[in-house]
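J.: These are the residues of each chain, in order.
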Amino acid sequence: MSDAGRRIDIRVPVLARVEGEGALEVHAEAGRITDLRLRIYEPPRLFERFLVGRDHSEVADAVARICGICPVAYQMSAVQALESIFGVEPDEWVRAMRRVFYCGEWIQSHALHIHLLAAPDFFGYESALAMTADHPGEVRRGMRLQALGNEVMALFGARAVHPVGARVGGFHHAPAAAAVRDLRARLEAALPEAEALVRWAAGFPLPDNGQDFPYLALRNGADYPMNRGRLSASTGLDAPVSELADHVAEEQVPHSTAFHARLHGEPYLVGPLARLNLNADLLPTETRALLGETGPALPSTNPFHSLPARALEIHAALVEAVRLLADYRAPERPHAEVTPRAGVGYGATEAPRGLLWHRYETDGSGRVTAARIMPPTSQNQARMEEDLRATLEARGLDAPDAELRFLGERVIRNYDPCISCATHFLDLTVRRR
Amino acid sequence: MGAAKPGARPRVAVHKLSSCDGCQLAFLDLGEDLVRLAELVDFVHFAEAGPVDPDAEVDIAFVEGSIATPDEVARIKRIRANSRYLVPIGACATSGGIQALRNLHDGEKWLAEVYPSPEYVESLATSTGIADNVDVDYELWGCPVNGRQVLAAVRALLWGVDPVPEQDKVCMECKRAGNVCVLVSRGTPCLGPVTVTGCGALCPAFGRDCYGCYGPAENPNTEALGRRFRGLGLLPEEVARRFHFIHSHREPLRSAGRRWREDRGADDP
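Residue numbers (my numbering), protein chains in the order written: chain A, 4 to 436; chain B, 1176 to 1444.
Hint data in this document are derived by calculation from the structure and do not stem from the laboratory. Computed from a predicted model, the values in this text were never measured in an experiment. Any given hint could be a false lead.
[Said to hold, decoys possible] Calculated cross-link-like contacts (lysine to any residue; reagent style SDA-like; alpha-carbon spacing at most 20 Å):
id : chain 1 : residue 1 : chain 2 : residue 2
1  : B       : K1284     : B       : A1300
2  : B       : K1284     : A       : F50
3  : B       : K1284     : A       : R144
4  : B       : K1252     : B       : N1308
5  : B       : K1350     : B       : P1368
6  : B       : K1252     : B       : V1219
7  : B       : K1350     : B       : A1327
8  : B       : K1284     : B       : T1301
9  : B       : K1284     : A       : P257
10 : B       : K1252     : B       : V1227
11 : B       : K1252     : B       : V1309
12 : B       : K1252     : B       : E1294
13 : B       : K1284     : A       : E28
14 : B       : K1350     : B       : G1335
15 : B       : K1284     : B       : E1297
16 : B       : K1284     : A       : E191
17 : B       : K1252     : B       : E1297
18 : B       : K1284     : A       : T372
19 : B       : K1252     : B       : A1306
20 : B       : K1252     : B       : K1284
21 : B       : K1350     : B       : R1330
22 : B       : K1252     : B       : D1307
23 : B       : K1284     : A       : E95
24 : B       : K1284     : A       : R336
25 : B       : K1284     : A       : R57
26 : B       : K1350     : B       : S1360
27 : B       : K1252     : B       : D1228
[Said to hold, decoys possible] Label pairs and their computed distance ranges (CB to CB):
id : chain 1 : residue 1 : chain 2 : residue 2 : range
28 : B       : E1294     : A       : H30       : 16 to 24 Å
29 : B       : P1291     : A       : E406      : 33 to 41 Å
30 : A       : D330      : B       : G1375     : 38 to 46 Å
31 : B       : D1208     : A       : E129      : 18 to 26 Å
32 : B       : R1361     : A       : D124      : 33 to 41 Å
33 : B       : A1399     : A       : R332      : 40 to 48 Å
34 : A       : A99       : B       : R1405     : 52 to 60 Å
[Stated by the list, open to error] Pulled from the structure, derived: some chain B residues nowhere near chain A, Cβ distances all over 12 Å:
id : residue
35 : A1256
36 : A1287
37 : V1309
38 : A1327
39 : R1330
40 : D1337
Positions of the beta carbon are idealized from the N, C-alpha and C atoms, including for glycine.
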């Protein structure tokens, strides 16, 4: 393999015929990658089709089922889009509590990603469970934070997976003041744990992997973005969310069921690092101070800095939830009245993995006549391929397949795509010529 | 597990097919209990948690997700062959899940409407539960299942006991919890009278209708409930949609929805 001019055909089906949900195929010639394909093979479930004909009141319960790890994000983008059609303006209580609801999901999802998915890579373990024996404090701290995030979601949604509390206009149910007080106290008590997590994550040996790419996130100029803002990108883009499709083109490629999206023709990044790069000035004061102390320096174009960004967002979400739940009072009614009408509406919020965009059309009775959903994974997919290409070439394609495969898995896992599990099945094929 | 070798820890696999990953969280959200469980059993395959060995022989295989691609048909046969107990978990695995809504329509046509190049996508026209494809030993229902359910199942199976399936309807649990009935007091079309419990009657406790995510209870009277919904002012097509949502491929919800849609002349959405 050291002789790059030699014609070599290597096929390494490391895990023969498993899944096929995430596989990487690399074609190399003379030490350069000539073709690289990240195959995301999540079976299609046709949500955009079966939402058609459904009443607006059914959409939040349906779209939660797109992802068990970030159901709140799907619900929040959907209700926002439908509210924009119906001209519903949720009041201040609903807006604040939706932000808390979202904080819960960030805490849960980021804690799960850092501890159960990413950390074992850095410590040389197969899994977080295997890591627990040697690093019980860190793993258990992560699980406690994950559980707290789940509790926040359950406060508003009765359960953390496919919560049942969200509706167009607000919530079905307002939590009782006593439950809020109890949870808020525990969130506050967890702040030092989140701070310790940020410091721990800042010490991970992250690959030095500076790259050149545009990134995109919401920005509203008032608070760190979750469920409101305009599209903002490193390219200078500043546009309402309704215009995303004017700037981003999605294309289907033969090797993947996730579409490839490009921003003005370029692969781009969404997610925690994109948010942090564009909105660090809007972090809560305490989190900003922690960022200043622990890094990374911003803006960063090392995709691996998504990991410290996630830790910082856990901290920020805790601070936000504690702040927003202070002086909590249950309102008389936890939602605005909704009068359906025909129209087109857009909703975009910041899922843990990045911008999640929905577009709906409804008829006069509030039934969906068209639905389009652009999840973060499809927006990141082209960027993941670029990252893989750069990272593997920088390592050198004469490296052993096992090393290249592990490196590839790490690159993909770092994006925390909604196929997290599939990336463990990375079936690497390198064809060297 | 009665037949497990003395000293040998039971081997457990958690597989994912067409799904949202949400039912695996019943394990991943266990926290301290997950650590304890991992001391009692060997997770030999659980991709999201780390270990990958999909063709390993195991004592218990939990399967999340429905059968929606040709590859999944082949995979579930291998999983069945390699498992002592095969336990589908969640709505997708027990009844095809929300994506089984395609079964009521022309699945291939739907695919073409979502994908500009449907020929690139390998997918079956239907989404079905595991038991529609291979024999299963026990099923955990729910969209999603929760930690209490999976722990109870593991515990029972490890001791060689048949787990006791839930039988009560959501209504029973609701009454025990002292919730105000949303169907009676507010006229909300609640599926509690025909849905099996296990969730904790979460929706009525929040003042809203049950939408049936745990699937049909035994001997549910869908006919009477459908007429009740009609009496509340729902159109036949709206009644049909209540039955055809999370468990549309499961009888008797499937037939009930069909009757309201076809016999009673509702528009096909």
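J.: Of the hints stated earlier, which fail here?
T.: 3, 7, 12, 13, 14, 16, 20, 21, 23, 24, 30, 32, 34 and 36
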